[in-house]
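2 protein chains.
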Amino acid sequence: MSEIQPLEFLKKTKAQIDAHIFDFLPREHEHPEVHQFYEMMLDYPLRAGKGLRPAICLLICEAFGGNPRNALNTAAALELLQNWALIHDDIEDGSDLRRGEPCLHQKYGIPIAINVGDGLHCKMWEMLNQNADLLGYELAFTIASEFVQLSNSIVEGQHIELSWVDSNRWNLTEADYWTMCVRKTASYTCITPCRVGGLIAGASRLELDLFIDLGMNLGVAFQIQDDVLNLIGEERLYGKEIGGDISEGKRTLILIHLLSVCSQAEADRVIEIMSQQRAEKHPDEIQEVLDLMAHYESIQYAQQHAKRLAQKAYTQFNRTFSYLPATPAKGIFLDLIDFVIEREY
Amino acid sequence: MSEIQPLEFLKKTKAQIDAHIFDFLPREHEHPEVHQFYEMMLDYPLRAGKGLRPAICLLICEAFGGNPRNALNTAAALELLQNWALIHDDIEDGSDLRRGEPCLHQKYGIPIAINVGDGLHCKMWEMLNQNADLLGYELAFTIASEFVQLSNSIVEGQHIELSWVDSNRWNLTEADYWTMCVRKTASYTCITPCRVGGLIAGASRLELDLFIDLGMNLGVAFQIQDDVLNLIGEERLYGKEIGGDISEGKRTLILIHLLSVCSQAEADRVIEIMSQQRAEKHPDEIQEVLDLMAHYESIQYAQQHAKRLAQKAYTQFNRTFSYLPATPAKGIFLDLIDFVIEREY
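Just so you know, the sequences run in chain order A and B.
For the first sequence, counting from 1, position 233 maps to 233 in my numbering; every step adds exactly one.
Just remember that my numbering sits 1000 ahead of the position in the second sequence, which is counted from 1.
Okay, chain A solo, but in the shape it has when bound:
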């Protein structure tokens, strides 16, 4: 495994996690509507995601001397969490595309899509219940408690973001962005995957708590890079419409930077465009915002910011856990930190 690249590892892990999820989710039912419901629950999990969160969970488990096979079920539950949350997020944000295909609510309407998201949400807890047989009651409960904290964090972060949209609020600071992004993204992208991986390997409470700060840095770096790709990525690789965040009026670090450095007149114009309903926005107006972001180097600013955060996470992991043996898992995790900010999808 010593020569394996992070992308290869992600691919391999994704295949394992997919197999576990498809084995777990129900496929057939004699009642045609229930059968259709099962098919819809499989829709997002079948689309090509990166599998980053389960990979982090398995790597940390192994780096701490645990058997990653014991973490597979928990890692798959992280993927289910992402899927139910994405189905609901896509409705809440009025998104069009997800992983290169129309969002679930664009295919089946909002009512059915909300309910499919709820169905996958229930399946996540069902999967976590399986840990009782695999890991014993006590550890299974501790892991479920981590997922409870994570879920609470995600809905709070999502509410912060939705309430900005609802109140048409644009005077946001980097601290506001941080507060939202830690709850909404960093918690499930890094903090919890690391913590549950560590838990399964028998890491101490102290070690687990060290993942909070590291996970915040890496998770926010991941989200900033995601927002950068949304503006300058290739749609084919990225799987969402490029510039979609501008259509959606999303409050990214890039936008917060732009509004803090441009002229008042430019800021007024940017807010005017960003505040419009998605359907009312003309491609020229989206380009206008993009041009200003280029002019004020807001995208570069965000990229550098993400890089700094990822480097911090890299150093934190390397120094804090210097006593862990130099296993392939440890090496791949460090490579993954680089991947987070260098990826194109």
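Keep in mind the hints are simulated off the structure, nothing from the lab.
It is possible that some hints are incorrect.
Straight line, CA to CA, 27 Å or less: simulated BS3-like cross-link-like pairs of lysine-lysine [claimed, not checked]:
{"hint": "1", "chain 1": "B", "residue 1": "K1330", "chain 2": "B", "residue 2": "K1307"}
{"hint": "2", "chain 1": "A", "residue 1": "K12", "chain 2": "A", "residue 2": "K50"}
{"hint": "3", "chain 1": "A", "residue 1": "K107", "chain 2": "B", "residue 2": "K1307"}
{"hint": "4", "chain 1": "A", "residue 1": "K250", "chain 2": "A", "residue 2": "K330"}
{"hint": "5", "chain 1": "A", "residue 1": "K250", "chain 2": "A", "residue 2": "K50"}
{"hint": "6", "chain 1": "B", "residue 1": "K1107", "chain 2": "A", "residue 2": "K250"}
Per the computed footprint, the stretches of chain A lying under chain B, defined by three or more beta-carbons under 8 Å from a beta-carbon of chain B, are [said to hold, decoys possible]:
{"hint": "7", "region": "26-35"}
{"hint": "8", "region": "100-111"}
{"hint": "9", "region": "119-129"}
{"hint": "10", "region": "136-142"}
{"hint": "11", "region": "260-271"}
By construction, the Cβ of each residue, glycine as well, lies at the ideal position given by its N, Cα and C atoms.
Using the hints provided, position chain B relative to the given structure of chain A.
Same frame as chain A, now just chain B:
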């Protein structure tokens, strides 16, 4: 307790459950948006519900010789389940009123309301996790597994109903209605409340399984009575708009009966009205459907059907569990069965 009436018991239980829920749900947060989110999560639980499900859970626990205090947390989780499911249902059905007030999405918009429902959903699992300290890991896990089954059942039932709306399907039989209603309503109104109450009291697997048939009968009776009240109830007591099910195009047993006995021309006209978008429906058209339901005695038919099912449940409980001592709890549970079909709200 021997003289207590079912309504008094419901009121007393509701107060206990409310206290438990309000003690559990977060109330304050320094971050204003998170604080607002907490307030929104309290909105539905603060509205006056009947508290029927927790009452059933506590009564069965006591009737089987258990201490109802041990079931309080689980009973409260049933109430949280109802609240998250209702928030999402109200969006999916395009409802206006819930428990006498505008639905959550009418107050705050669909995106925020979906997320508040998700928040309460997470809180339900958090509450169930508390059972580990109260009842030990094994029993807590068994109860959580009951909730997993219940949740799966609810989303499947909801999908069946939503897919009828989506495909504009009206040629439904009583068997179709039964399949949907058992999953969507009977499971969480009766089957699971009885089973988890029994589990906490130490009832046997055989005893628990006897609640499935009984719970289906009583739960479907409850839903039919709910649909009757929707058409002929008093809005002040009932808390939803009267005739709202016709506005929403809901497939009730009453409607299925009407379509099966009226003339083809009348059926065509009823389907034409029912299929219209809610906003397009004129009050005269709703009255037209109501008049046909009166003419063909469809409401009476449904009421009699509900009565028969409830009587069946009454006899089943009385005969099957004749060996249970004649405790007040047993008496109140039997009274509650009568209440289910005689209630006006």
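How the hints compare with the structure:
For the hint pairing K1330 of chain B with K1307 of chain B, the CA-to-CA distance comes to about 20 Å; that is within 27 Å, so the pair holds. Distance restraint check for K12 of chain A and K50 of chain A: the Cα-Cα separation of roughly 11 Å lies within the 27 Å cut-off, and the hinted pair is therefore satisfied. Between K107 of chain A and K1307 of chain B, the direct Cα distance comes to roughly 41 Å. Violation of the 27 Å bound is thereby established for this hinted pair. This hinted pair does not check out: K250 of chain A and K330 of chain A have alpha carbons roughly 35 Å apart, beyond 27 Å.
The hinted pair formed by K250 of chain A and K50 of chain A meets the criterion: a straight-line CA distance of about 22 Å does not exceed 27 Å. As the CA atoms of K1107 of chain B and K250 of chain A are separated by approximately 23 Å, the hinted pair is consistent with the 27 Å bound. Coverage of the region 26-35 of chain A by chain B holds. Counting CB-CB distances below 8 Å, 3 residues qualify, and the rule asks for three or more. Restraint check on the region 100-111 of chain A versus chain B: 4 residues with Cβ-Cβ distances below 8 Å, three needed, restraint holds.
Look at the region 119-129 of chain A against chain B: 7 of its residues bring a Cβ nearer than 8 Å to a Cβ of that chain, three or more, so the hint holds. Interface restraint, the region 136-142 of chain A with chain B: holds (4 residues with C-beta to C-beta distance below 8 Å; minimum three). By the rule of at least three residues with a Cβ nearer than 8 Å to a Cβ of chain B, the coverage given for the region 260-271 of chain A is violated, with 0 such residues.
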